[in-house]
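Protein chains in written order, with our numbering: chain Z, -13 to 324; chain B, -13 to 324; chain L, -13 to 324; chain Y, -13 to 324.
These are computed hints drawn from the structure, not numbers from a lab.
Please note that the accuracy of each hint is not assured.
One copy or two, either will do: identical chains are not told apart, so a pair holds if it fits within one copy or between any two.
List of simulated lysine to any residue pairs, SDA-like, C-alpha gap at most 25 Å [what the hints assert, rightly or not]:
no., residue 1, residue 2
1, LYS57, ALA47
2, LYS202, GLU48
3, LYS105, ARG135
4, LYS202, THR(-6)
5, LYS57, ARG22
Protein chains: 4
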Amino acid sequence: MIVNMLSTATPTEINHIIDRIKECGFQAHVIAGEERTIIGAVGSGGNRSEIEALRAAPGVAEVIQIAHPFKLVSRQLRQTRTIVDVRGTKIGGGDLVVIAGPCSVESEEQLMETALAVKAAGANMLRGGAYKPRTSPYDFQGLGVEALRFLAHARKETGLPIVTEVMSETDVDIVAEYADMLQVGARNMQNFSLLRKLAPVPKPILLKRGPSATVKEWLLAAEYLLAGGNGNVVLCERGIKTFETATRNTLDLAAVALVKELSHLPVLADPSHGTGLRSLIAPMSKAAAACGADGLIIEVHPCPERALSDGPQSLDLPGFQELMEELGRVPVREAKAA
Amino acid sequence: MIVNMLSTATPTEINHIIDRIKECGFQAHVIAGEERTIIGAVGSGGNRSEIEALRAAPGVAEVIQIAHPFKLVSRQLRQTRTIVDVRGTKIGGGDLVVIAGPCSVESEEQLMETALAVKAAGANMLRGGAYKPRTSPYDFQGLGVEALRFLAHARKETGLPIVTEVMSETDVDIVAEYADMLQVGARNMQNFSLLRKLAPVPKPILLKRGPSATVKEWLLAAEYLLAGGNGNVVLCERGIKTFETATRNTLDLAAVALVKELSHLPVLADPSHGTGLRSLIAPMSKAAAACGADGLIIEVHPCPERALSDGPQSLDLPGFQELMEELGRVPVREAKAA
Amino acid sequence: MIVNMLSTATPTEINHIIDRIKECGFQAHVIAGEERTIIGAVGSGGNRSEIEALRAAPGVAEVIQIAHPFKLVSRQLRQTRTIVDVRGTKIGGGDLVVIAGPCSVESEEQLMETALAVKAAGANMLRGGAYKPRTSPYDFQGLGVEALRFLAHARKETGLPIVTEVMSETDVDIVAEYADMLQVGARNMQNFSLLRKLAPVPKPILLKRGPSATVKEWLLAAEYLLAGGNGNVVLCERGIKTFETATRNTLDLAAVALVKELSHLPVLADPSHGTGLRSLIAPMSKAAAACGADGLIIEVHPCPERALSDGPQSLDLPGFQELMEELGRVPVREAKAA
Amino acid sequence: MIVNMLSTATPTEINHIIDRIKECGFQAHVIAGEERTIIGAVGSGGNRSEIEALRAAPGVAEVIQIAHPFKLVSRQLRQTRTIVDVRGTKIGGGDLVVIAGPCSVESEEQLMETALAVKAAGANMLRGGAYKPRTSPYDFQGLGVEALRFLAHARKETGLPIVTEVMSETDVDIVAEYADMLQVGARNMQNFSLLRKLAPVPKPILLKRGPSATVKEWLLAAEYLLAGGNGNVVLCERGIKTFETATRNTLDLAAVALVKELSHLPVLADPSHGTGLRSLIAPMSKAAAACGADGLIIEVHPCPERALSDGPQSLDLPGFQELMEELGRVPVREAKAA
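Assemble the whole structure, with the sequences as input and the hints as a guide.
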């Protein structure tokens, strides 16, 4: 940590900071420049947040964090990549894992028709919402436990492991009973009570990036899970909120590549939420695969125009089949000879 | 709702949309332009989200929502302004209400010293965090129930009603037992499980705007509370996430003025979180008051540089006293004579 | 400047950085922590951008700038506030200056009617666009020199100094011949060729903040003008681009207060562009005045619904009169007694 | 265009809008709903911006644009894809075109060394800045005409066509004399004077997306060039400004795919500016190729740590060689068998 003093800081103010740094269990290294003084706080014995609070002290311009604030998720701590095993499907092991299914589970028929089709097209896992976080209270909120039962049945018929969102601490037990992987939705990425409740659950967690979360905040949310004992965390980039309205969100694929550098956890991309537009799902799926994503999560519905949620960003069954064919061999053009 | 067809839409595609609109309980009005056809879906008998899903149908360019999606929070429905009574303090009644106190309750002494000082300076309510949503799992997470007891004690000593955040559905009962108003934090604005759990609680709710929530999404989150039976909702603008890093967030005061147009609910501003910089708290407090905010919520700490959270955006006790004096009479300059 | 090394940096990499820092004319101060080494580059003899480039060297995690990169605009260099005199109207002298007029000059009648009305209502200066930067090439592009003549005539009739935008380097001379203050529009804030061309012009410059410019970038754009010899610069906050679409831009009033801390230059606010909504002009004008803006620039049109540009964010003549009355005495409520 | 009336609009207000729509040369279609009235303005005889201005009329809630505002750039108008021929290199013809070279031309040696190396590695064109738009006036501003001569010399030696930025209207002629394609930088995307000056130039234009430009605004900027007579426009996505600071910008690859849907113009991606981080250039280059970009523009420098600009986002010569090898065959993994 570095404390950057104002150019107007007095010797008394500077000494006060030095004293506080020592008091907090760090060593203080002073660099007196011509214009201003900066003070490094070095060591591992103290509490970093006490140093951060010194920004509130007289004479301080800013406190700069030098090290990344996350630990267990970091590749510095653990250099082998984590492979998350979801009932036999391995995420992070080098193969592109494709998770597909409807946004919401609407009926047993709708789910089973989708599950059979995505299985036939080569999907590795089935998704489907039982509890739905909806912006408006007047929109379809999900079938709840009934949907969980339909998902379990679809798993039995297809063999596909299932992932579904858990929105509420009080639903953690019931969702964990049915699902093979529990999803924390984007809006709940910093629902720390939910994260703490999920940490001891013996199932993998799919942690979506919040629409306004920086990569650092996202990794710190994952840190809650690892620090609480659950190392089976799969991250998922699903678009961030920006000024651009032509797409529903801005899919930040550079964040996928960056997280692969910073962390040992696997990372998926969600081109459905990431763009909100069906026609962009295929190109962005290919782009995600090309920049190192460990997998994709894609919304698929037998009849998108009658979907109770997210129809416009869902592929229909032939559309998904076609995408899977394209993904089998991405037609990359060679760089043109000069 | 208006369905805007692609210029390439075929008569079959257009007829399909007309049929679906009728099937969904609306009347269809077709406007055939030179370039393209648009179809209005009129009436109140149907389900709007079924029309929205038609964006997924062949030939459709987009579906445009015409009416605001919120109802109970809207001034169209209820033109009298809501006044929320928090143990006798009236928010929305025309007077500027000032809520002050530490970010986190750290000890009985720290809280009591702050409570007495803000009371003396003219604050109307006391704030203090018992359960803290922290970006990192390694930061101070709050004293929990113990802090609630300290808050209750401070209320007893000062007479100030207390507001504190509830982060978890499982804490709703205990927080409601102690607090006079329950705060939903920015990160939990779309924690719909928490909102549903709070709707039947017979206490006012302070609903902070999420860092990436549009005004529409914010009002729809409030709609969850009103639709669930709790009409005593106070909104709070606390800054949104933008590209600007000179301030912690971008305090969107125009949203305060806009919400006062759209809704009958009272609106506060939080210049501490909204800027992250102590020196900006006073000017932004005055600005918020000038554009119609019903009150302010301000972080105050006896020794900000030793605060366990948010020190840099907290006023110290004399700083708060000074701000209250300034707020007593905002020194507005007259427009200069030509 | 601080060079933060990776935890994996080798002694050779560290020594290389130390050598380069010395080579660039700085002294190197090494702080060897347990986890990583950081190296301060101290002194004023060298070129900062050479140190910044070291981020590209092996073993470097990041290069952190400690001092503000701007000089002449900074209050550190010059503590007295700059007062810009525009043909007798003083901006930055403590009085709130109000600049009003149509977005575009559309005809002599439209301009004169507006000019007389805003003068009567107490405005201090007249604005009006002669050259218009329009998103679409098919929209009205301004009357050009003819509009400049109308503006000069309106000045003669009303005595109001005039400000108008210059979009092109080749128009600088003609605009400078007519206008009392030349405006650089938001889209041109980083049109450095235009800034360089304006630096030697002996007229004050109104520099609008770009829609995606940080405060730092904005002040550096002003630095181009001051470094080129023109110290008569007035800054203007006009809203930044964010995810919120309910308003045209997000008016960042905290930036007004922050710039007053960082710089000696006067700062205006533009609530017309800042919100895009007529009903928000009055509350945001009052808010801007309350947080320390030196003035306002407001779009006014005799018949906004027939305006060739920006009608929806223009006040009509009675609306402006009413706002001026309100600004004469902002009705600030006293903080409610407990 | 649709005029959406307030639910409180009076019959007089509604009739006024109907009259104005007719007066502006459109037909008015009224849809009277239960809650509110909406009025369609249909036809092609009138001026759309006059209808837009009606948002300022009493009783109007909003005016909604139905058709895309751009014409000549649209695929609706022209379905064949534009292939831009830059001295024999075809952009948009199906092969991935790679443009490489230093951010700034710093010396003849630096440029020639880079040019020979990128040519050897398979690049199709050479980039290099002669006039540099720099945030700070104290940073290196480019060698100007001298750099143009070095570029011409490098072209002679390598056969690579050259692209370089033009920042100023007054430099258009000299840059057009040397360059094979003229770049409009991100900060100048809405410098409409520059665009108008470039429209008649008989050379292709590379139009970078502005950091806060929507796709619509970007295409409308291109429309200025096409409407002015220059159809040889190549678009380039280079990252937008968002809240994320881990990368310099947020590379919006979905915009690449979307623009390919909306327009017939070719689109490049710039992973150097798009991420600001050297290690992300390779993954994002592959991602851009996979989602349909027509080419890449990549910063390459013989010694990035001594670069006068953009070193941290430049590949060194072996790094570029390696990327070109990887691009020859993007190692896409097959979707994992279930």
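Structure-based check of all given hints:
1. In this homomeric assembly, LYS57 and ALA47 come within 25 Å of each other (Cα to Cα) only across copies, at 17 Å, whereas the closest approach inside a single copy is 27 Å.
2. In this assembly of identical chains, the alpha carbons of LYS202 and GLU48 lie at most 25 Å apart whether taken from the same copy (19 Å) or from different copies (15 Å).
3. Taking identical chains as interchangeable, the C-alpha atoms of LYS105 and ARG135 lie at most 25 Å apart only when both belong to the same chain, with a minimum of 19 Å there against 55 Å between chains.
4. In this homomeric assembly, LYS202 and THR(-6) come within 25 Å of each other (Cα to Cα) only across copies, at 20 Å, whereas the closest approach inside a single copy is 32 Å.
5. When the C-alpha separation of LYS57 and ARG22 is checked against a cutoff of 25 Å, the pair qualifies only between copies, where the shortest distance is 15 Å, while the shortest distance within a copy is 32 Å.
Hint check: no violations occur; every hint is consistent with the structure.
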